[in-house]
Structure formats: C-alpha cells, structure tokens
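*Asks:* Below are the chains, spelled out letter by letter.
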Amino acid sequence: MRNRIASLLLGTALALGASATAMAQDKAVKIGVLTDLSGLYADLGGPGAVVAAQMAVEDSGMAAKGWKLDVISADHQNKPDIGTSIARQWIDVDKVDVLMDVLNSGVALAVNNVVREKNAVMINSGAATSDLTNAQCSPNTVHWTYDTYMLAHSTGQALVKAGGDTWFFLTADYAFGHALERDTAAVVVAAGGKVIGSVKHPLNTADFSSFLLQAQASKAKIIGMANGGGDTTNTIKQAAEFGIVSGGQKLAGLLLFLSDVHSLGLKVAQGLNFTETFYWDLNDQTRAFSKRFAERMKSKAMPTMVQAGVYAGLLHYFKALEAIGGNPHDGAKVVAKMKELPTDDPLFGKGTIRADGRKLHPAYLFEVKSPAESKGPWDYYKLVGTTSADQAFRPLSESACPLVKK
Amino acid sequence: MQALYAQLLVGLINGSFYALLSLGLAVIFGMLNIINFAHGALYMMGAFVAYFLLNLAGINYWLALLIAPIVVGIFGMILERTMLQWLTGLDHLYGLLLTFGIALVVQGVFQNYFGSSGMPYAIPDELKGGMNLGFMFLPVYRGWVVIFSLVVCLATWFLIEKTRLGAYLRAATENPTLVRAFGINVPRMITLTYGLGVGLAALAGVLSAPINQVRPLMGADLIIVVFAVVVIGGMGSIMGSIITGFALGVIEGLTKYFYPEASNTVVFVLMVLVLLVKPTGLTGRAA
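Protein chains in written order, with numbering that gives the first Met the number 0: chain A, 0 to 405; chain B, 0 to 286.
It is worth saying that the hints were derived from the structure and are not from the lab. Please note that the accuracy of each hint is not assured.
Stated by the list, open to error - Over the 12 Å line for every Cβ pair with chain B, so calculated as not near, a few chain A residues:
no., residue
1, Lys67
2, Ala73
3, Ile323
4, Pro341
5, Asp343
6, Ser369
7, Gly375
8, Gln390
Said to hold, decoys possible - The calculated label-pair distances, taken between Cβ atoms and stated as ranges, are:
no., chain 1, residue 1, chain 2, residue 2, range
9, A, Val403, B, Glu260, 32 to 38 Å
10, A, Pro376, B, Val276, 54 to 60 Å
11, B, Val276, A, Ile195, 37 to 43 Å
12, A, Ala216, B, Gly128, 19 to 25 Å
13, B, Ile73, A, Gly196, 46 to 52 Å
Backbone N, C-alpha and C fix where the C-beta goes; we use that ideal spot for every residue, glycine too.
I would like the entire structure built from these sequences, with the hints used as guidance.
*Replies:* What follows is the structure in structure tokens.
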C-alpha cells in the first residue's frame with residue numbers, strides 16, 4: 000500500500016514536472032533554414048535566406064512578447080536524400096518547428112513528405128514546382144514566393160502574344176525542369192503556339208554548346224530555358240557566343256533571379272523578359288528592407304525574391320503563432336491559422352494563403368535594363384507588366400489537391 | 000548529318016579543356032607520384048586571376064594568358080615546397096587527401112567572398128563573332144581554344160618526351176638518387192614540374208573564363224570528369240592523356256546529341272569499362 004502511494008506521488012510529481020517544462024517551452028520556436036549553402040543555387044537562397052530569417056526574427060518583436068526564437072541552418076547540397084535526413088533529424092532530435100526556404104524542387108518534394116508525416120511546418124520559398132500545392136499538396140506546407148505554373152503563365156503568355164509561337168525547350172533534367180517545361184508547354188499550346196522540341200540536360204552543366212546547337216537547328220522562334228541558377232547564366236552567356244539571339248531566335252528565361260542578372264552583367268542580360276514576385280526597387284518598403292539586408296550580406300547583394308519570401312513567410316508564421324497564443328508544435332494547426340489570417344507584409348503587400356497552401360500575390364513581368372538605362376549598382380529591372388494575385392496562380396478549379404473541396 | 004559534324008566539333012572544344020587539365024595531372028602524377036586533387040581549384044584560380052587582372056589592373060586577356068599561369072604556378076610551387084614535398088615516399092593516398100583538403104580550403108575561401116554564381120568575363124574583342132561553316136556557326140573564340148590548347152599540349156609533350164630537360168625529369172622519377180649523383184638538383188626540378196602542371200591548369204582556367212562564368216565551383220564541377228579522363232588514358236602517360244582528353248570530349252558531345260540525359264555519366268561508364276578490360280588505362284604501363 001505504501002509502495003503504491005509512493006509511486007502515485009512520484010507519478011504526479013513527474014507529470015507536474017513534465018507539464019511545467021511543457022509550459023516553459025510553450026513559447027519556444029525553432030526555425031530551420033534548409034537550403035543550398037554552397038552550390039549553384041547558394042546566391043539566390045543560401046546564406047541570404049539565413050540572413051532573411053534572422054531579420055524576420057528581429058523585426059517580429061516576438062522576443063519582447065516572451066517568445067524564444069532560434070534560427071539554425073543546414074546545407075542540403077541539392078540532394079533529396081540529404082535534405083530528408085536533415086529534416087528528420089531536425090524535427091525528431093532538435094525539435095525544429097518550421098522549415099524555411101527548402102529551395103530545389105527535388106529536395107522540396109521529398110522534405111514535404113517528411114514534414115507532413117511528422118506534423119511540422121514547411122514554408123517553402125525557393126522551390127519552383129507547382130506540384131507542392133497541386134497533387135502533392137499538404138496541410139503542413141505553405142508555398143510562398145512563386146511556382147512553375149505562375150512563371151509559365153506570366154512569361155509564356157506574354158511571349159506567345161508578342162509573336163513567339165514556336166518553342167524549343169532546354170530543360171534541367173529533374174523535378175523542377177520537368178514541371179516548368181510541362182507548365183510552359185501547356186500555356187504555349189493553349190495560346191495557339193507549338194512546341195517543336197526539347198532537350199533535357201543534367202543539373203549543373205558547364206557547357207551548353209551541344210544543346211544550343213540543337214536549339215538553333217530547330218529554328219524555333221523562342222528557346223525556353225527551363226533551368227535555373229548557374230545553368231541559366233551559362234546558357235545565356237553561351238547563346239550569345241553562338242549567335243543565337245543575333246540569328247533571330249529569342250531566349251526566354253523562364254526562371255531568372257536578381258543574382259543571375261547580377262552575375263551575367265547587363266551587357267549580356269539586357270532585354271531578357273522574365274517574371275518575379277519581388278524586386279528590391281518596387282516601392283519604399285522593399286527598398287528600405289533591401290538596404291538593411293544588403294548591409295548584412297558579405298557580398299552586399301540585394302535580396303532575391305526567394306530571400307524576400309523567407310522573410311515575409313516567417314513574419315506571417317509568427318503572426319499565426321501570436322494568434323494561437325502558444326504551443327507552436329502542432330504544425331497542421333499553425334498552417335491552418337496561417338491560411339485563416341490574411342497576409343500583409345512590407346515585401347509582398349496584402350495577400351492570402353489558399354486551402355491548397357498556395358500564397359497569392361501579384362506577379363511582375365520584368366525586362367532587364369540596358370547598361371545605358373541602369374542608373375547605379377543593382378538597378379537592373381524595369382517593370383513591363385503586372386498580373387493580379389487572383390490571376391497569377393493556378394485557379395482552384397484546375398486543382399488536383401485533395402485539400403481543396405469541390 | 001550536318002548536326003553531327005557540329006556536335007563533333009563542339010566535342011573537340013570541350014575535349015581541349017579535358018586535354019589541358021588531364022595533361023597537367025598526368026605530368027604531376029608521372030613525375031611526382033602525387034594525385035593532385037587541387038587541380039580543379041587551381042584551374043579556378045587561373046580564371047579568377049584573369050578576372051582580377053582585367054578588373055583591377057586593366058590587364059587584358061592576352062597578357063592574362065601569360066601572367067595567370069605564372070602567378071598560379073608560383074602559388075603551386077609554394078604549396079609543393081611547404082606541404083607536398085613532405086609526402087614523398089608515402090602512399091598515394093596521403094597526397095590525394097592533402098590536395099583534396101587544399102582544394103576545399105581554396106574553394107571555400109573564394110566562395111566566401113564571391114558567392115556561387117560568379118562574375119562575367121567578356122570575350123576579347125579580337126576573338127569576337129563567329130564564322131558560318133555551312134554545317135554550324137562556329138564562334139571564333141571556340142576555334143581559338145581548340146588550336147591554342149592543341150599547340151600547348153603538343154609543346155608540353157615535346158618538352159617532356161623529346162628534350163634533354165625532359166630526359167632528366169623522367170630519369171629523376173625512375174631513380175632520383177642516381178640523377179642526384181650526376182649533380183642535378185632533383186627537389187628543385189620536382190618543384191618546377193609541379194609548377195608547370197599547375198600552370199597548365201591555370202591556363203585552362205583563363206581559356207575557359209570567357210566561355211563560362213568565373214565561379215568558385217567551376218573547377219570542382221570539372222575535375223571529377225578530368226580524373227576519369229586520366230584514369231582512362233592511363234595514369235602518368237603524357238600522350239595518352241592528350242588523346243583521351245580530346246576523344247572523350249567528342250564522345251561526350253555525341254552523347255549530348257543522341258541521349259543528352261546520359262551526358263554527365265558517359266565518361267564514367269567508359270571508365271568502368273576500361274578499368275575492367277585494361278586496368279592500367281588505354282596507354283598506361285603497368286606500375
């Protein structure tokens with residue numbers, strides 16, 4: 000009998016202790032930035048994404064309200080297996096609540112499953128594949144910045160309308176390239192154009208001359224580059240060498256970032272059309288943020304839309320946490336709150352998150368300035384068109400996402 | 000058919016880089032018995048030196064072709080004197096690990112300061128434009144790369160296989176003690192040889208700067224393929240590495256045409272086949 004009382008007391012004490020720690024941890028949030036810190040996408044996400052996350056933590060003012068926010072980061076090296084094993088360790092061992100950025104569509108789709116299985120949160124900024132909010136959509140994932148459907152519609156439609164009705168694709172041979180080619184080809188065909196051919200190149204290719212010759216021989220009016228980062232810059236540079244643009248064919252950068260334009264230089268990049276959802280020089284608020292951001296970067300680089308998306312997505316996540324009031328560890332619940340609250344941040348303006356996890360905001364069609372038009376460092380884009388938030392992304396009526404009630 | 004000629008020519012262009020780099024590796028391995036994993040990083044440094052020369056000092060491409068290999072070559076000789084020379088007589092593995100470490104450090108430093116997307120380097124005005132060959136549009140610069148690297152490769156081969164200096168070198172690798180007995184400063188010769196191999200890598204770096212972006216990772220992406228080229232050609236064989244360099248460039252070019260998805264792997268498939276049939280490489284002698 001005495002034994003039983005003792006063990007009962009012990010049990011109560013333990014339970015009390017456990018609940019006490021639970022209460023103490025109630026407002027502790029761990030943020031993991033999972034990105035490419037050293038490879039071909041490191042400039043568009045990478046260390047800049049970590050800086051953006053830290054800035055969001057500081058700007059949120061959450062610490063003053065009793066929250067304890069921790070930012071950690073890791074390099075997934077563009078390998079899905081490494082990405083998922085980091086995600087598992089982070090969520091299981093390090094108790095990470097939210098994964099940020101997760102650029103590279105291959106990695107993102109793999110991590111998406113882990114996050115869902117373990118009920119954490121992923122706010123994806125850098126991955127392009129529209130599958131994240133379509134067939135692969137998850138109650139634990141928000142896709143913030145852009146996706147292949149949006150890129151295809153904005154850039155693709157504009158180019159077909161301007162007379163580019165025959166296309167040849169240069170496609171990065173993995174989930175992202177395939178999705179971008181598929182979505183763009185659909186737009187081209189729907190607008191009355193024709194896809195003459197395509198060639199798939201391995202990720203991270205140094206020499207594109209063979210592929211460019213095939214594109215040249217196809218006589219297509221538009222050569223659509225369904226690749227990203229270093230692959231795109233090398234394609235553009237070498238296309239100039241092979242006289243592709245002077246031969247009358249037009250290059251379409253389906254996914255270009257500020258960092259790519261910067262590294263190409265305006266002389267090579269001028270005249271390119273492409274779509275982004277953020278540019279540092281859009282308005283006073285984006286300029287103010289970007290200036291602060293660049294000061295903290297070793298390279299003094301202005302933020303790309305991916306880095307801006309990490310900042311804005313995290314701010315909205317904090318807003319949802321505040322609304323819930325504590326216990327941030329039920330990922331699906333937090334994401335549901337994020338969808339319920341309208342978004343409003345200095346970088347992307349007002350917006351919403353749809354049932355399928357898609358963040359909605361306007362898409363901007365830019366053209367790269369010529370060296371003469373550029374007034375200073377990082378003055379690279381001029382705005383040539385805007386697609387409103389409700390038009391920019393895949394309509395829910397076409398959605399294959401099981402979360403969408405029809 | 001026309002497309003095929005074009006792909007063959009493009010293959011030769013890529014082959015020139017493989018040949019220049021694998022030649023440097025073969026020289027270093029043949030004379031120093033070091034598997035120089037830092038070769039890619041040194042190639043990258045060559046491109047960066049050209050970039051700095053142009054943007055900081057206004058020194059043009061042509062002078063960079065001369066200066067960059069010398070600068071990087073001196074850097075290589077310092078490496079050899081301060082680190083590599085202590086490894087003589089040890090297992091290959093130590094040299095490989097040391098140079099691999101050096102490569103990671105050098106790349107890390109450059110990446111820290113220059114990010115990953117790299118900087119632009121324009122084609123020199125004299126080599127701008129292109130010629131229409133009927134079956135393809137050949138940029139003048141690419142033609143220049145093929146001819147120039149062929150000349151450099153053959154000159155290096157001549158230097159090592161046909162001159163007196165080359166004879167000393169080859170003798171020194173066979174029996175350093177004996178060569179020393181004839182009054183030749185073997186350690187200095189070895190340092191200079193390493194400098195020569197490294198200079199070749201830097202030269203390839205300058206040649207590639209106008210084609211690719213000048214990026215910290217440009218060498219890391221290339222070096223694995225180059226190692227496969229050296230293994231296929233036969234470790235340490237000068238002519239073997241030149242010929243395999245060009246040949247594999249052509250084979251890779253053809254793969255890009257017929258089955259592009261495999262273009263990154265075809266070299267390694269060939270390497271496996273060659274190793275299975277002739278483990279010393281196509282032209283290699285048994286060790």
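*Asks:* Decide, holds or violated, for the assertion that all CB atoms of chain B are farther than 12 Å from the CB of Pro341 (chain A).
*Replies:* For Pro341 (chain A), whose nearest Cβ neighbour in chain B is about 35 Å away, the distance exceeds 12 Å, so it holds.
*Asks:* Just checking, Gln390 (chain A) versus chain B, shortest CB gap more than 12 Å?
*Replies:* With a cut-off of 12 Å, Gln390 (chain A) remains clear of chain B, as the shortest Cβ separation is near 31 Å.
*Asks:* A cut-off of 12 Å on Cβ-Cβ distance, and Ser369 (chain A) was said to be off the interface with chain B. Does that hold?
*Replies:* holds (15 Å)
*Asks:* Are Val276 (chain B) and Ile195 (chain A) spaced within 37 to 43 Å by their CB atoms?
*Replies:* holds (41 Å)
*Asks:* Honestly, do Ala216 (chain A) and Gly128 (chain B) meet the 19 to 25 Å range at C-beta?
*Replies:* Taking Cβ atoms as reference, Ala216 (chain A) and Gly128 (chain B) lie about 20 Å apart, which means the hint holds.
*Asks:* Can we confirm that no CB of chain B comes within 12 Å of the CB of Ala73 (chain A)?
*Replies:* Ala73 (chain A) is indeed farther than 12 Å from all Cβ atoms of chain B, at 17 Å.
*Asks:* So is Ile323 (chain A) really clear of chain B, every C-beta pair being over 12 Å apart?
*Replies:* holds (38 Å)
*Asks:* Does the Cβ-Cβ separation between Ile73 (chain B) and Gly196 (chain A) fall within 46 to 52 Å?
*Replies:* Given about 49 Å between the Cβ atoms, the range holds.
*Asks:* Closest CB-CB distance from Lys67 (chain A) to chain B, is it above 12 Å?
*Replies:* holds (30 Å)
*Asks:* Take the C-beta atom of Val403 (chain A) and the C-beta atom of Glu260 (chain B), compute their distance, and say whether it sits inside 32 to 38 Å.
*Replies:* holds (34 Å)
*Asks:* Is it correct that the beta-carbon of Gly375 (chain A) has no partner in chain B closer than or equal to 12 Å?
*Replies:* The claim stands: Gly375 (chain A) keeps its Cβ more than 12 Å from every Cβ of chain B (closest is about 18 Å).
*Asks:* The hint says 54 to 60 Å between Pro376 (chain A) and Val276 (chain B); measuring C-beta to C-beta, is that right?
*Replies:* For Val276 (chain B) against Pro376 (chain A), whose Cβ atoms are near 56 Å apart, the range 54 to 60 Å holds.
In summary, this structure violates none of the numbered hints.
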